[in-house]
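Chains Z and C, in that order, are what the protein sequence lines are. Mapping of the first sequence onto the numbering used here: position 164 corresponds to residue 164, and the numbering continues sequentially without gaps. Counting from 1 along the second sequence, just add 1000 to a position and that's the residue number in the numbering used here.
FYI, nobody ran anything at the bench for these hints, they're computed from the structure. Some clues are possibly wrong.
Just the calculated beta-carbon pair ranges, DEER-fashion [stated by the list, open to error]:
#1 C:P1047 with Z:E186: 55 to 61 Å
#2 C:C1076 with Z:P52: 37 to 43 Å
#3 C:R1141 with Z:R198: 36 to 42 Å
#4 C:P1091 with Z:A85: 49 to 55 Å
#5 C:D1068 with Z:D14: 54 to 60 Å
#6 Z:G199 with C:A1033: 55 to 61 Å
#7 C:S1082 with Z:R195: 35 to 41 Å
#8 C:A1079 with Z:G107: 33 to 39 Å
#9 C:T1111 with Z:I172: 38 to 44 Å
By construction, the Cβ of each residue, glycine as well, lies at the ideal position given by its N, Cα and C atoms.
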Amino acid sequence: MILDLHSHSVASDDGRAKVENYCQWIARKGLPLDGLVLTEHRQFDDESDYRPLEDRFGLLILKASEVETEYGHVLVFGVNDDLRAAFDFARVDNRLATVLSESRRCGAVAVPCHPGRPKVGLCAHWETRGPVEGIEILEVLNGGSREGENEEALALAERYGWGRIGGSDSHIVSHVGRCATRFEEEVRDTEGLVRALRGGRFDAITPAPESG
Amino acid sequence: MNAEELRSRFTGFVFDDIDLDVEADSLAGFALACGETLPKFTDPSDPEFQSVPNYTTRIHGTRSLPPDFPVEMDRCFDAGKSIEIHAPVRPGDKIVGRSEIADIYEKTGRTGNMLFIVHRMSFYNQRGEHLSTVDWRLVQREME
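Construct the complete structure from the given sequences, taking the supplied hints into account.
So, in structure tokens, the structure goes:
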């Protein structure tokens, strides 16, 4: 099963894609995606109901968040009320250690994203601030990365033996699916995604090019 | 002053308002400048003549920010506009535009920390109909 674990809709202040348009694009281009996860910046969208779109397009559409820490941006999968009470998603100065530990305590999974990106990626901060305990998975393929950034992330993940995910980081429809994650087991909902991430049977991939 | 303090001090009140009489030539000229070709947007004699949807994005108030707003303009740039359209503007309309700061927030990006200031103008016609809401984002970058 292949999921794009990192995407932004118009709910993010810099997102220019409606979720329906993502679905239309995936269908029209025949992208080998079984679904996508919406990781809106500094917030969790608990209002939108994408079940009609899931039924219409045969895609899994899940919701997560991208929060900001002193070590860069972090995807959080399995967001719930307990986690939202544990730290302020809107802040740009959250502590990575807090995001990691509270995510684990609340039954979620936190994954540093675009680690090779200057200022907002883990790698540079890892060198200057030092290691942080608690990372188990890293986004090693990010569709918005520049040359060398994904390679730097991959090297860090391999160095520590972390799990590897991929996500497009799409903000416009044509970028969805540029990078993704292949799971060996089926994921049907957010709880299933968290289980699958904890299970470790997944890897970052670059899906096949567009078919048309 | 951080984003939270700025938000609590500067959001929630109208700091500027303007009046504008809309003329047909202004509507047609803006439509043509946008590359519009449909007569209902470009030809004042068309029975359905009205503004292009984004017409009110061209209208500015008398000031960008409230008095005493602590912004350093030499570190600012325009981060674009978004518009929510409720009703078309018609020739002869007398528009009122009211400005407020809708939101102030921070984010981090490749270039460092950024402070976003959302200037919102809400437009109404002479009948009090809400025509549109235009959000203009101004970004202030951190000092290198």
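Per the hint of 36 to 42 Å, is the separation of the Cβ atoms of R1141 of chain C and R198 of chain Z within bounds? 39 Å, holds
Quick check on a hinted range of 55 to 61 Å for P1047 of chain C and E186 of chain Z, using CB atoms only. Given range 55 to 61 Å: holds, Cβ gap about 58 Å.
Pairwise beta carbon distance, S1082 of chain C to R195 of chain Z, judged against the given window 35 to 41 Å: 38 Å, holds
Lying within 37 to 43 Å: is that true of the beta-carbon distance C1076 of chain C to P52 of chain Z? Roughly 41 Å apart at Cβ, these two residues keep to the hinted range, so it holds.
At the C-beta level, are A1079 of chain C and G107 of chain Z separated by a distance inside 33 to 39 Å? 36 Å, holds
Cβ separation of T1111 of chain C and I172 of chain Z, checked against the hinted range 38 to 44 Å: 20 Å, violated
Take the C-beta atom of G199 of chain Z and the C-beta atom of A1033 of chain C, compute their distance, and say whether it sits inside 55 to 61 Å. Between G199 of chain Z and A1033 of chain C, where Cβ atoms are some 57 Å apart, the hint holds.
Does the Cβ-Cβ separation between P1091 of chain C and A85 of chain Z fall within 49 to 55 Å? 53 Å, holds
With 54 to 60 Å as the target window, see if D1068 of chain C and D14 of chain Z comply at their CB atoms. Given about 29 Å between the Cβ atoms, the range is violated.
Hint check: violations occur at hints 5 and 9; the rest are consistent with the structure.
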